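4 protein chains.
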Amino acid sequence: MKHDVKDLSLARLGRKRIEWAERNMPVLARVGERFRKERPLAGLRMSACLHVTAETANLCRALRAAGADLVLVASNPLSTQDDAAAALVKDYGIPVFAIKGEDNRTYYRHILAALAHRPQITMDDGADLVWGLHKDRPDLAKHIIASMEETTTGVIRLRSMAKSGTLRIPVIAVNDAQTKYLFDNRYGTGQSTMDGIIRATDILLAGSKVVIAGYGWCGRGCAMRAHGLGASVIITEVNPLRALEAAMDGFWVLPMSQAARLGDLFITVTGDVKVLRPEHFRLMKDGAIICNSGHFNVEIDIPGLEKMSRRVKHGVRNFVDEYELRNGRRICLLAEGRLVNLAAAEGHPASVMDMSFATQALVTEWAVKQRGRLEVRVHEVPQEIEDWVAKLKLATMGLKIDRLTAEQSRYLSSYEMGT
Amino acid sequence: MKHDVKDLSLARLGRKRIEWAERNMPVLARVGERFRKERPLAGLRMSACLHVTAETANLCRALRAAGADLVLVASNPLSTQDDAAAALVKDYGIPVFAIKGEDNRTYYRHILAALAHRPQITMDDGADLVWGLHKDRPDLAKHIIASMEETTTGVIRLRSMAKSGTLRIPVIAVNDAQTKYLFDNRYGTGQSTMDGIIRATDILLAGSKVVIAGYGWCGRGCAMRAHGLGASVIITEVNPLRALEAAMDGFWVLPMSQAARLGDLFITVTGDVKVLRPEHFRLMKDGAIICNSGHFNVEIDIPGLEKMSRRVKHGVRNFVDEYELRNGRRICLLAEGRLVNLAAAEGHPASVMDMSFATQALVTEWAVKQRGRLEVRVHEVPQEIEDWVAKLKLATMGLKIDRLTAEQSRYLSSYEMGT
Amino acid sequence: MKHDVKDLSLARLGRKRIEWAERNMPVLARVGERFRKERPLAGLRMSACLHVTAETANLCRALRAAGADLVLVASNPLSTQDDAAAALVKDYGIPVFAIKGEDNRTYYRHILAALAHRPQITMDDGADLVWGLHKDRPDLAKHIIASMEETTTGVIRLRSMAKSGTLRIPVIAVNDAQTKYLFDNRYGTGQSTMDGIIRATDILLAGSKVVIAGYGWCGRGCAMRAHGLGASVIITEVNPLRALEAAMDGFWVLPMSQAARLGDLFITVTGDVKVLRPEHFRLMKDGAIICNSGHFNVEIDIPGLEKMSRRVKHGVRNFVDEYELRNGRRICLLAEGRLVNLAAAEGHPASVMDMSFATQALVTEWAVKQRGRLEVRVHEVPQEIEDWVAKLKLATMGLKIDRLTAEQSRYLSSYEMGT
Amino acid sequence: MKHDVKDLSLARLGRKRIEWAERNMPVLARVGERFRKERPLAGLRMSACLHVTAETANLCRALRAAGADLVLVASNPLSTQDDAAAALVKDYGIPVFAIKGEDNRTYYRHILAALAHRPQITMDDGADLVWGLHKDRPDLAKHIIASMEETTTGVIRLRSMAKSGTLRIPVIAVNDAQTKYLFDNRYGTGQSTMDGIIRATDILLAGSKVVIAGYGWCGRGCAMRAHGLGASVIITEVNPLRALEAAMDGFWVLPMSQAARLGDLFITVTGDVKVLRPEHFRLMKDGAIICNSGHFNVEIDIPGLEKMSRRVKHGVRNFVDEYELRNGRRICLLAEGRLVNLAAAEGHPASVMDMSFATQALVTEWAVKQRGRLEVRVHEVPQEIEDWVAKLKLATMGLKIDRLTAEQSRYLSSYEMGT
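Residue numbers (this note's numbering), protein chains in the order written: chain B, 3 to 421; chain D, 3 to 421; chain R, 3 to 421; chain X, 3 to 421.
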């Protein structure tokens with residue numbers, strides 16, 4: 003079996019972590035059990051480009067149980083958990099191409115390995131695989147049943163492709179499922195981003211000023227948690243409606259040119275490019291910490307930062323690089339501007355990935371059932387999958403809720419009864 | 003000028019409150035100024051069925067400035083501010099039919115007065131006017147340019163009418179504008195509901211257990227504020243996804259049959275019927291307080307409560323009726339089960355109604371411009387109106403935000419650039 | 003029976019509110035029941051100078067049940083609830099001298115009426131009665147068994163008297179009981195201050211910037227609640243330790259000279275004089291709202307504000323006076339700078355006053371038992387009274403807690419067992 | 003130089019972390035600079051028994067700069083950071099006796115090494131060193147100038163010793179300084195405990211039920227942060243007043259016998275023994291996680307847990323041991339019941355230890371100045387040290403506060419001015 007991972011001897015640790023994650027993924031486990039019996043993906047070649055974590059490993063196990071002939075590659079050069087990668091290869095027999103800290107060349111070599119598998123189904127986190135397919139292996143497009151996309155950034159990218167007429171395969175925006183973005187993007191990113199920052203820096207959040215660029219679902223997750231840890235939160239936005247929400251949620255709303263002077267810590271989660279750039283760096287306090295929790299490492303203009311620095315000390319702590327500007331002030335960049343929650347911590351907790359990945363697995367099954375009937379465009383997740391996931395998650399959390407009485411159902415669809 | 007209000011001598015007080023509200027409605031004021039010049043509603047007969055408050059008075063002034071020949075009636079028997087009603091009649095020359103505490107017969111007589119005006123445009127809060135029109139004056143339907151609907155309950159009702167083929171006029175779901183429901187339903191209902199409860203009961207929220215039925219936008223507003231005042235919040239829901247959100251937002255989620263035993267205070271905000279009913283009343287603690295902040299007074303089964311009570315003391319405090327059950331325990335019902343924020347306090351603060359009513363006014367103007375081109379169905383608010391309102395609100399709050407750079411805009415619509 | 007109240011016909015409403023408050027004062031009720039049997043204050047003349055509210059009425063009933071010959075006067079010109087005062091006179095036969103909105107001359111005439119009663123016990127809220135006694139009726143001092151003081155401001159004043167050798171009677175600092183200041187000053191002042199502000203102004207707290215001067219127990223109560231209602235909170239302090247706490251609690255900490263430019267609403271709770279003064283007024287935004295929730299109306303320099311204003315509009319809304327500065331900007335002063343929670347709302351909720359007033363009643367009994375043995379100084383509340391009140395409060399809230407096992411108790415007093 | 007550390011080759015990493023911590027300890031740095039010049043501890047032998055962390059290393063550097071002849075030993079078998087220990091020995095020349103995971107025999111051998119140094123000053127975290135001195139080397143007592151105690155548990159133990167007449171040296175309760183317990187115990191323990199739990203388990207806090215035993219300063223820190231991360235928090239207490247505060251802070255208050263059934267995660271922070279014991283374990287849900295953040299590993303009855311388990315799997319993840327009970331349910335114990343924040347994470351962030359350790363250093367200097375004048379008892383930290391630390395901390399955070407005007411100071415010490 004071909005693979006490219008850091009060190010197979012890490013498998014033991016990885017397996018432990020995969021099994022631990024499994025405990026908190028009961029919905030996915032239920033899907034996996036059914037898949038094992040029904041084998042809905044039997045004989046299908048599938049390539050997944052995802053963050054290679056213990057949670058992803060459990061998704062892969064479910065897909066394998068369903069019969070998929072699966073290859074997994076990294077969706078980010080710095081997010082791979084080498085122990086999980088090793089265990090997938092050694093203990094679960096799944097070919098993985100992913101090494102934490104791989105350079106961009108290796109990263110794209112791995113993407114090519116995923117394409118060399120000639121997948122009939124793809125799964126993507128950021129759309130690098132799909133874009134690679136369109137660019138380098140357009141011949142594969144006609145064989146693709148569908149591709150599932152996991153993240154906001156990828157969905158934006160795919161919609162742009164669809165809009166411009168470039169897209170050649172059906173895509174399902176798993177990210178846009180409520181069972182995904184309401185939970186994963188908010189509670190998952192919120193906690194794991196703060197976790198990554200604390201592990202990297204060990205700073206006290208209480209009493210600090212945290213500037214969060216972007217008040218989308220990930221941004222509000224980060225804001226909620228930074229606040230919950232005692233920080234004063236400042237939001238920057240380009241969207242007036244979101245800015246209003248941030249203000250009414252009790253946060254300060256400022257343009258970055260003002261926030262830059264105030265922050266002790268900056269987090270970008272916008273999905274856009276150069277959100278922090280030289281004009282902001284030069285205003286920052288000595289010792290300011292900057293990091294990114296958006297998908298790509300383009301949100302912080304690192305080349306711009308390098309250019310204005312007179313000295314760079316790499317690794318003043320793990321995942322911390324110190325840039326000394328010509329004005330004498332120091333800026334600490336975390337995790338090379340890559341997803342700090344995945345690079346410096348373990349990514350989203352398993353119990354939140356449970357929902358996202360159960361949805362992924364079910365959507366894959368659904369797409370295969372639709373084989374040949376899916377148009378080339380960005381599709382939404384079917385409502386019934388969302389309902390099923392939400393209900394089961396609730397049950398596995400031991401939570402019971404009310405049911406509409408017959409009279410209540412009737413009332414909701416009536417209109418005669420008023421004041 | 004015909005009218006039916008409580009007492010014109012209240013006009014002085016009402017005017018003061020209207021002018022005070024005006025200070026916090028700068029976006030509506032800006033709309034009003036333009037309307038005064040452009041007179042987009044000149045000569046059009048218009049009937050509005052709204053909560054008659056100081057904020058509504060300012061909306062009416064803007065509509066009048068636009069040239070509308072306007073009649074205003076109450077959208078709820080207990081939500082009228084008699085002083086605002088008096089001032090509208092006396093100081094602003096607008097016919098009002100609304101008396102706080104009017105019985106249902108008077109309420110519907112007022113609706114008929116609104117219809118007798120033979121409106122070409124209607125504005126509704128709960129769809130009683132539109133439903134009355136369909137039921138009692140179907141002849142008017144063909145003259146209606148459009149009707150604006152302000153509240154979730156009304157939109158649900160109108161969609162049911164549309165679905166069943168009953169609807170005969172074009173309707174615009176102003177409630178579903180983000181500039182409306184994200185703010186009014188959440189921050190408005192949240193604060194004003196707690197305000198109404200505190201005024202009615204003067205209870206300490208800190209240390210109490212508050213059960214909120216419904217985790218829609220209004221429900222989460224109430225939860226946020228009850229929590230913010232120090233209460234332990236319990237959510238009941240019928241929707242699994244919302245229940246999950248409530249749990250992950252840190253609240254307890256229980257079925258009402260369990261919550262009923264625990265709560266000190268119960269608030270219904272579901273838009274459905276008999277959410278609290280005898281099976282729950284009989285479980286409640288002695289002294290439990292129950293109230294409703296949903297649109298109609300059907301959420302609490304008051305006839306059911308009466309039937310199981312051996313004694314009712316009305317007015318043990320203003321807006322508080324005490325029901326003594328046969329098990330000896332007492333339940334305190336607030337504001338006869340009507341919207342507690344409007345009955346026992348002043349409804350939503352002006353600054354949040356500013357957005358809702360600016361949107362109302364602008365949508366009215368837009369509908370008139372579309373005259374004859376609007377299909378008979380439930381329409382959404384045009385995005386450009388939302389954007390304009392959000393931007394202006396932000397500016398009037400003194401908040402500045404970032405603008406996308408050219409490079410950032412370009413990036414958002416590109417797809418080539420990945421890892 | 004002598005008395006001086008606004009209008010005895012308000013008694014019916016007052017009685018209702020007193021009985022309603024009684025429901026939420028179960029600890030005081032328990033004390034009252036025992037007092038009725040044991041009559042520990044039988045035959046003693048007592049004068050109380052307190053906020054005349056429904057909760058105070060219930061304290062008075064308990065003291066009367068104990069046999070005290072009681073006179074009650076207002077401790078603040080604007081905090082009297084005229085209906086409660088009327089009911090105390092008419093329904094409960096207690097002489098009251100208190101009229102909401104009385105001028106300072108009347109206020110001091112009422113204090114003199116309390117002294118004319120030749121009390122053997124006094125109870126004070128702000129130390130005006132005790133200071134009046136020292137100044138105007140020093141002859142009474144030798145008959146005084148003790149005086150109970152209810153508020154921080156009064157305790158500070160009495161300690162100054164003690165320090166300077168002026169104090170001539172034993173005083174008990176009821177305010178300093180944990181069962182008082184941890185609850186009343188924090189949860190009571192917090193909720194009721196926001197309540198007073200909302201009733202006076204109907205502003206939306208969400209999205210506003212609230213400046214709170216002072217981060218003592220009352221200040222952090224206000225901060226907690228303003229935050230809980232969605233405001234951004236800014237704290238000003240003179241004490242570095244409290245300022246640090248405020249910062250680490252997630253609030254902004256600024257000197258008033260900077261905060262003055264930013265705030266939409268200002269609340270003073272410092273116990274000191276001229277905390278807001280012309281140098282700050284001149285920096286404030288148009289429409290800024292200022293109010294006080296500290297004991298005396300000296301925290302805002304109102305004469306200074308008047309002097310710099312070119313126009314004053316009284317009563318633009320109830321309890322709102324608008325000062326138009328010469329720079330054209332308007333400042334709205336609430337409740338003439340008096341305790342906004344008592345002037346514009348109903349003061350602290352009954353359930354929190356339950357603890358404070360049960361402590362008051364029990365301390366009074368205790369002091370009488372110590373008759374002749376209490377030194378002339380400021381005494382603390384005996385720990386056993388605190389414990390009894392805390393335990394009973396907990397029980398009446400239906401809360402159960404753990405008890406130390408024998409082994410645990412032993413461990414706590416041992417030292418041998420380490421790592 | 004004698005020492006006993008894990009591996010000197012870790013020194014490089016340790017030094018990096020020590021220097022990183024130094025950035026966030028500006029107050030201690032200022033103290034250290036002065037000490038370097040004034041050498042207030044010159045020639046004094048000193049033994050410190052502390053958590054061996056990067057922050058402690060900076061304290062040691064300051065004490066060394068002051069001239070102390072210092073030996074450092076671990077105050078807990080599982081809290082040592084081996085890299086910091088190595089750097090202290092290799093780079094800073096300070097003898098350290100501490101190895102992460104050492105057994106109790108080694109632990110006490112290290113304590114003896116500290117005593118063998120024949121200290122004239124001791125510094126303690128939990129009172130193991132002082133108690134060891136009394137038990138094993140009572141001959142040293144007469145040479146001891148003073149001992150500084152860092153933690154609540156130690157202070158309780160020392161007070162017991164003082165009460166029983168066992169104590170033979172002067173002790174200063176550094177823990178009881180406001181600059182210590184208000185910050186370190188609350189914000190420090192709060193964040194670091196959650197950090198330790200997340201690193202050990204990677205669980206999602208949002209939506210979980212967290213039971214916290216104890217609502218002292220550490221307990222409320224944990225409660226604040228668990229809540230801030232989206233958990234529902236349940237408090238157990240033995241003290242009614244604290245239980246009331248917890249309830250009014252919005253938390254659920256239950257006896258452990260009820261909480262045990264509900265919790266997903268349990269944290270003990272009581273300073274007492276067997277807070278979680280078999281009667282509770284048997285009620286817990288399958289998969290419940292239990293941990294301790296109190297000083298000693300006695301709060302969870304681990305022997306009791308072992309006895310009722312049919313199987314124990316050690317290290318199912320790092321710092322996680324799984325106990326399978328005979329009822330089939332599994333309980334996960336973190337960090338062997340030792341301080342989870344120090345065992346599984348890095349302990350308190352540097353910026354909060356800055357205050358505690360600046361106070362430690364200054365108190366040491368002060369004690370030396372009092373040499374021979376300190377009675378044998380538990381002393382408080384002098385107020386002027388607290389003021390100095392608070393002011394400087396504020397300044398280093400860039401925060402400015404108000405100063406009393408002359409008129410305000412005067413008013414605070416006057417009593418004549420009332421209503």
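Among the hints, erroneous ones may be present.
For chains that are exact copies, the list does not tell them apart, and a pair is met inside one copy or across any two.
[To be verified] Derived lysine to any residue pairs resembling SDA-like cross-links, with alpha carbons at most 20 Å apart:
#1 Lys393 <-> Leu15
#2 Lys309 <-> Ala143
#3 Lys102 <-> His316
#4 Lys137 <-> Gly167
#5 Lys315 <-> Glu386
#6 Lys287 <-> Ala118
#7 Lys4 <-> Lys92
#8 Lys315 <-> Glu24
#9 Lys371 <-> Gly95
#10 Lys276 <-> Thr421
#11 Lys393 <-> Glu338
#12 Lys315 <-> Glu40
#13 Lys18 <-> Glu40
#14 Lys18 <-> Asn320
#15 Lys287 <-> Leu406
#16 Lys137 <-> Glu367
#17 Lys92 <-> Gly218
The set of hints was computed from the structure by calculation and includes no laboratory data. Model, not experiment: these values are computed from the prediction.
Where does the structure disagree with the numbered hints, that is, which hint numbers, in rising order? Hints 1, 2, 5, 6, 9, 11, 12, 13, 15, 16 and 17 not satisfied by this model.
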